[in-house]
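**Q** Sequence:
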Amino acid sequence: MVAMLELLARNWAWVLVRGIFTIVFGALAVFWPEITLLAMVILFGAYAIVDGVTAIAMGLRRSSGRGFLIFMGALGVVAGLVALFWPGITALALLYIIAFWAIVIGVGSIVSGFGLSRDAGGRWLFILSGLAGIVLGVLLLAKPGDGAVALVVTIGFFAIIWGFITVFTSVRLRRLAKELDVG
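The working numbering numbers the first residue of the sequence shown as 1 and each following residue consecutively.
Simulated from the structure, these hints should not be mistaken for lab results.
A quick note: this is a predicted structure, and the numbers were derived from the prediction, not measured.
By construction, the Cβ of each residue, glycine as well, lies at the ideal position given by its N, Cα and C atoms.
Just so you know, not all the hints are guaranteed correct.
Distance windows between CB atoms, simulated [unchecked claim]:
1) A150 - V53: 30 to 38 Å
2) I165 - W101: 25 to 33 Å
3) E34 - L141: 40 to 48 Å
4) W86 - L5: 40 to 48 Å
5) I35 - L116: 43 to 51 Å
6) I97 - R123: 24 to 32 Å
7) G88 - R172: 36 to 44 Å
8) S63 - F85: 30 to 38 Å
9) A27 - D51: 37 to 45 Å
10) L43 - S63: 28 to 36 Å
11) F168 - L116: 14 to 22 Å
12) V82 - L60: 36 to 44 Å
Put together the whole structure using the sequences plus the hints.
**A** In structure tokens form, the structure reads like this:
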């Protein structure tokens, strides 16, 4: 634990840089959500291709279980190519996955809530959170374009908050570095 703290203190400036970049990303997501969404889809596409090729290479080197790795790698490459050549469809597909996930999770929470017989307060919290999930899913399905932009803006606000926390952490690490005389 102490060694990790010393390592972080010694590298406080990198923590600061990370925080600043997180704030910049968040601001871009908030002020230019359409461009940020497109950039995220393109980055996902590039990542999926590299990850897929890596999985294929690993599969070709294995003697057992190689078929699954090669299949998953090929699936990753295809997903990456779809994201790069049809970014709008990819963003829309991701939004639909999130919408259906929210609805399914919401229904599950409601069912769990009704299953709680002893904890009335917990029961209603489960039911309310389930209803919130269903409402989110339905709203995303009803207005997918607005929903995608809203998701990016929400991610942006969280990134800004996270970035400021990271910057404040770097300041604390700098003080600790001076106290430890490590950098």
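**Q** The structure should be examined with respect to each hint, and the outcome stated for every one.
**A** A quick look at each hint next to the structure:
1. A150 - V53: 30 to 38 Å: 34 Å, holds
2. I165 - W101: 25 to 33 Å: 27 Å, holds
3. E34 - L141: 40 to 48 Å: Given about 20 Å between the Cβ atoms, the range is violated.
4. W86 - L5: 40 to 48 Å: 47 Å, holds
5. I35 - L116: 43 to 51 Å: 45 Å, holds
6. I97 - R123: 24 to 32 Å: 29 Å, holds
7. G88 - R172: 36 to 44 Å: With Cβ atoms ~43 Å apart, the hint holds.
8. S63 - F85: 30 to 38 Å: Taking Cβ atoms as reference, S63 and F85 lie about 35 Å apart, which means the hint holds.
9. A27 - D51: 37 to 45 Å: 28 Å, violated
10. L43 - S63: 28 to 36 Å: 34 Å, holds
11. F168 - L116: 14 to 22 Å: Given range 14 to 22 Å: violated, Cβ gap about 39 Å.
12. V82 - L60: 36 to 44 Å: For V82 and L60 the Cβ distance comes to about 23 Å; the hint is violated.
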